[in-house]
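> Each chain, letter by letter, is given below.
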Amino acid sequence: MAESTNVRLRLPLLCIILEVILIILFGALVEYNEDTHPKQWNANKTHSATRNDYENEFYYRYPSFQDVHVMIFVGFGFLMTFLQRYGFSSVGFNFLIAAFSLQWATLMQGFLHGLHHGKIQVGVTSMINADFCTGSVLISFGAVLGKTSPVQLLVMAIFEVTLFAVNEFILLSLLGANDAGGSMTIHTFGAYFGLVVTRVLYRPNLDKSKHRNSSVYHSDLFAMIGTIYLWMFWPSFNSAITSYGDPQHRTAMNTYYSLASCTLATFAFSALVNPEGKLDMVHIQNAALAGGVAVGTAGEMMLTAFGSMIVGFLAGTISVLGYKYLTPILESKLKIQDTCGIHNLHGMPGVLGAVVGAVTAALASSAEYGEGLQKVFGEGEWDPKSKGAFQAISLAVTLGMALFGGLLTGFILKLPIYGAPPDTHCFEDGVYWEVPGEEEGHNELNEVATPNEMEKLSS
Amino acid sequence: MAESTNVRLRLPLLCIILEVILIILFGALVEYNEDTHPKQWNANKTHSATRNDYENEFYYRYPSFQDVHVMIFVGFGFLMTFLQRYGFSSVGFNFLIAAFSLQWATLMQGFLHGLHHGKIQVGVTSMINADFCTGSVLISFGAVLGKTSPVQLLVMAIFEVTLFAVNEFILLSLLGANDAGGSMTIHTFGAYFGLVVTRVLYRPNLDKSKHRNSSVYHSDLFAMIGTIYLWMFWPSFNSAITSYGDPQHRTAMNTYYSLASCTLATFAFSALVNPEGKLDMVHIQNAALAGGVAVGTAGEMMLTAFGSMIVGFLAGTISVLGYKYLTPILESKLKIQDTCGIHNLHGMPGVLGAVVGAVTAALASSAEYGEGLQKVFGEGEWDPKSKGAFQAISLAVTLGMALFGGLLTGFILKLPIYGAPPDTHCFEDGVYWEVPGEEEGHNELNEVATPNEMEKLSS
Amino acid sequence: MAESTNVRLRLPLLCIILEVILIILFGALVEYNEDTHPKQWNANKTHSATRNDYENEFYYRYPSFQDVHVMIFVGFGFLMTFLQRYGFSSVGFNFLIAAFSLQWATLMQGFLHGLHHGKIQVGVTSMINADFCTGSVLISFGAVLGKTSPVQLLVMAIFEVTLFAVNEFILLSLLGANDAGGSMTIHTFGAYFGLVVTRVLYRPNLDKSKHRNSSVYHSDLFAMIGTIYLWMFWPSFNSAITSYGDPQHRTAMNTYYSLASCTLATFAFSALVNPEGKLDMVHIQNAALAGGVAVGTAGEMMLTAFGSMIVGFLAGTISVLGYKYLTPILESKLKIQDTCGIHNLHGMPGVLGAVVGAVTAALASSAEYGEGLQKVFGEGEWDPKSKGAFQAISLAVTLGMALFGGLLTGFILKLPIYGAPPDTHCFEDGVYWEVPGEEEGHNELNEVATPNEMEKLSS
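Protein chains in written order, with numbering that gives the first Met the number 0: chain V, 0 to 458; chain G, 0 to 458; chain B, 0 to 458.
Derived from the structure by calculation, the hints contain no laboratory data. Hints are not guaranteed to be accurate.
Identical chains blur together in the list; that is why a pair holds if it fits in one copy or across any two.
Claimed, not checked - List time: in silico SDA-like cross-link candidates among lysine to any residue, alpha-carbon distance up to 20 Å:
#	residue 1	residue 2
1	K207	G436
2	K334	L407
3	K386	S172
4	K323	I15
5	K209	G387
6	K207	F158
7	K38	E367
Okay, chain V solo, but in the shape it has when bound (with noise of 0.2 Å):
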């Protein structure tokens, strides 16, 4: 007999124990920030160093956020529900451990980016940045998509993002790293640990929930709504916190070319690979999202519209053709079980991402960028073929980080005590969720609203 999936005690008390713990920390650690204090920001305001309200930071971020916000919500959530009987789960799960990650990563990153006289700072610049760690937990709840429990879920995401913090203090704090749009610290991070995450709960009978691993009609224009929604909005998440003025501007830009070209690199290769030329779902959903990823450590660099374009074509192209060759290899090889694919959306893009901030870095110089150098790349003194080099090891750092922490939280998450489904039973949203009948409602509204009914009603 396989354990019981009845999570009805130990759903509840995590997310009850979670929450007070979470509530207990941030009464302790966390306080406003100089830009949402009412004393601070006013003082501020009146002396000498006058700010006025339009200079506070959240007129520059807020939009952005939104934006990323609805990426988190909306967009990874719905993307997810292409799955015929799994829409609740997908929008569902995404909603609660999105939740419960943003929350826990204002603690893990602001207790590592530095603490202001013991405390947390916090306003919508932590905001956008809770939400980048949260989009990387919910990658990597893509390859485990339809095996796993709520409290499964929850548990990996308190090791996920632990260790994104500690990996991004790693690259940005103590490497220098210029990764705004996450390429590494939220792509490739979150890819290969949930690959990893996925290998090590591989289900050599996950056969017998075949028939629900697909989708149908209805399912797949839902998962539609979030592709165009992460894809409209890409653009602001990788300029969401790079520097005022140009750099914002330039990254939204750069993104924005390197969609529009994936986009196209996406529907040639998609027709090009199926032998009677008929469009994919899959492919359209995921891999016209990929220049979004792998413009997100070079997208705030002279990039160019032309470069970004190059970037998109190549990061589409390797998204169609790795779900097309390389997850059924990544299966039946490695036995990695990547429900959505997110090798060929996250990881490898990230890490063609990773490739070209490098080399982006490395080419960057004040003749081209003047003043606006240091606005990118910090202050300190110049040496792009070094900063080229501390970007290629930072995604080195990632990896590593990736592996471990996957690997450690695999084995965790192994353990037989969180509700996990059965091989029969992936898939299945009746598994954890009340669902409603389909075919009694049909009958029923077919019975009910004859035209000759609603004709003697109307007259």
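Using the hints, position chains G and B against chain V.
Then chains G and B, alone, in the frame of chain V:
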């Protein structure tokens, strides 16, 4: 024989008469404010007290306005599509009464909140306020969803908007209350108004439509679109009309944390109250939003992330428990048929928000807020205790206005002249909409899109 | 035997060739403008005429850009999912041709609207303009929806974008016309271009696909996602490229009121033209948007809320009447098969908008606008009568360009080389997409998710 539901003359007549009246009143009473009037704005710019274009209120408010707008039309509209056969009406009637209400609200609020030389001045802030008032009507719509004709809903909106504006005037202008996110003016008022209306319209034989008063699989997914948009943009809602700078920033952040915490509470209690530990979509769709309601008054104050998370957790908890245990009692004992459970999402959390607001205001001090105190609580001498008292009185006034207004409106809506649906045909789009077949479509496509035929085509 | 619909080689080849050409041209011709170029922006900042970061055009335009972007990809894309079996193609082809068009438009518009030392300079404003041009192509797509291959659509986009840019250049640069929201350049042009194309592509035997040329229940709900997003963000669309300050603010507000009024007219006439007073989703999905089209030219002027509401009411009225009475005549008498009824949503309301714009411009005076007159109508001596005349001439030019361009493009698209669907398989995703089964899925889930089994699992 029941009343005819044919609204062929009634609905067009009412719409046209209302719009003509609106147009005449707008022509007579409404003018551009100084930030939208070309002469005034540019005169302001060039004269002594210069204001630059970036100081136009448009740039502070419009992104928030658009988020609020999405909540009103997508958020509320899709949240109510959870019913299996009432999607057209949910989104459609939501659309109709919102489009009417925002125009009517502009006049009522403008009239009460201060004429300028006998004119109502409009700009982005009045647009936000009109959308807020509309939100209140849509909350009430949730209580009577499925049981009312569009004619009834428009009549309800006429009265509710008017009374909303009066109540808002009493609270904000006479009592000097704070309620930026509308815990009292929007949520408490809208909820109890709607509950009284649905009590007056009590249908003892509603059981005859019981089989349609539930969701199907895809309707629950459509509803999640509404939920997630409401959840994501609630920070914009609560902060949309706060003062520039730190208050707007702080309010958004407090709401963000309250909602995150609320979501964990919702999942916890939804699983806990189910014998098999299964999550209920009704809870996730609704209770996870209660955290936004409950910080609608105190969000702009020094509630802190810590305080916001506690409030959010409480709100989610009482909301789930309300859905599980209170709603059935309200229906069986008090004859309140509350289709969407607005008492759990807006009623109780709204009252909680009012209480939290009163307490937080009573604890405010200039030691804590510095010069920010006036920005939040307005000019004049500061007496926190009496401020707290006025906040509490505001809640009482709101409840009184809602009960009185709902009673009056309910009895007007009871007249058998609006083409309301019979008990046997509630929750049914076919009464007011041309509804396309469903099964025909399905068979059709199976018949047509056989792989064989398709193969021939593409050969 | 009909032409094969297998586009395995044609579609990839066209996509790749187009993208490679685009990349080469971008490499040769496109550079960052002074608000996105790190050297120029920061030089501007520190020299005499200092500009601060908050004055970067990004902060004035990017939120509007994102709203426009949502309209293009979600709005247009989902609006067209109303067909029962064409959802993949509606969203998917919309995605493809939009991604291509925005790149091609950047070049065409940049080339015509002024090179800087032989280079096209890009920034957020060029991104908005490119999205606008794309909107025009998507309007035309609505006319030929379901009857064209993706190869045809890309070819159409090549020509339409080019001619759009020429027409826009004549109107804005040569005739000095105002058309911020594109009543003429976008809507009138896109509509009549598309109508002529579909006329040339007339299919006498389209009846054979008639059973698929209609909606099902859920496809109508998906379409409402498109409608509501277009409706909500239209204020951003019309105001996206107006001058900073009062014009942008005023345009958004005028559009808001026009749309609200239009919605009431739409519901009124939809019920009125139906024998049983039932509302028709086609009207609500489309005609309610005509108010945004009709204030596309005059919205930035002193149209006032009053004037906007009158225009919106008229637009909604003629749009519904067009769907009911004109579309069938266009098809039977003029052989214009207009799948989405773009003549009613974009054609007539676009012409109305052009006329309203001409009249409003002719009535403008510096007494009314003050120094705001130049902000709206540009520098130079002000002659309202000749301005009005030039606006009217612009409409005539637009109609001429659309008819000529549509004719040319139509005949090119008639060549039997693009893999167009046969008359028997129009409005069918299966021709170009891998389509998952639907019924199988349904049965599967009933079979699997029996309450009994689920109970056992969770015990």
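> If a hint holds in the structure, say so; if it does not, say that too.
Evaluated hints:
1. K207 with G436: between (23 Å within a copy, 19 Å between copies)
2. K334 with L407: within (18 Å within a copy, 56 Å between copies)
3. K386 with S172: Intra 14 Å, inter 46 Å, cutoff 20 Å: intra-copy only.
4. K323 with I15: between (42 Å within a copy, 19 Å between copies)
5. K209 with G387: Classified as neither; 45 Å inside a copy, 60 Å across copies.
6. K207 with F158: neither (30 Å within a copy, 51 Å between copies)
7. K38 with E367: Classified as between; 7 Å across copies, 42 Å inside a copy.
Taken one by one, the earlier hints fail for this structure at numbers 5, 6, listed in ascending order.
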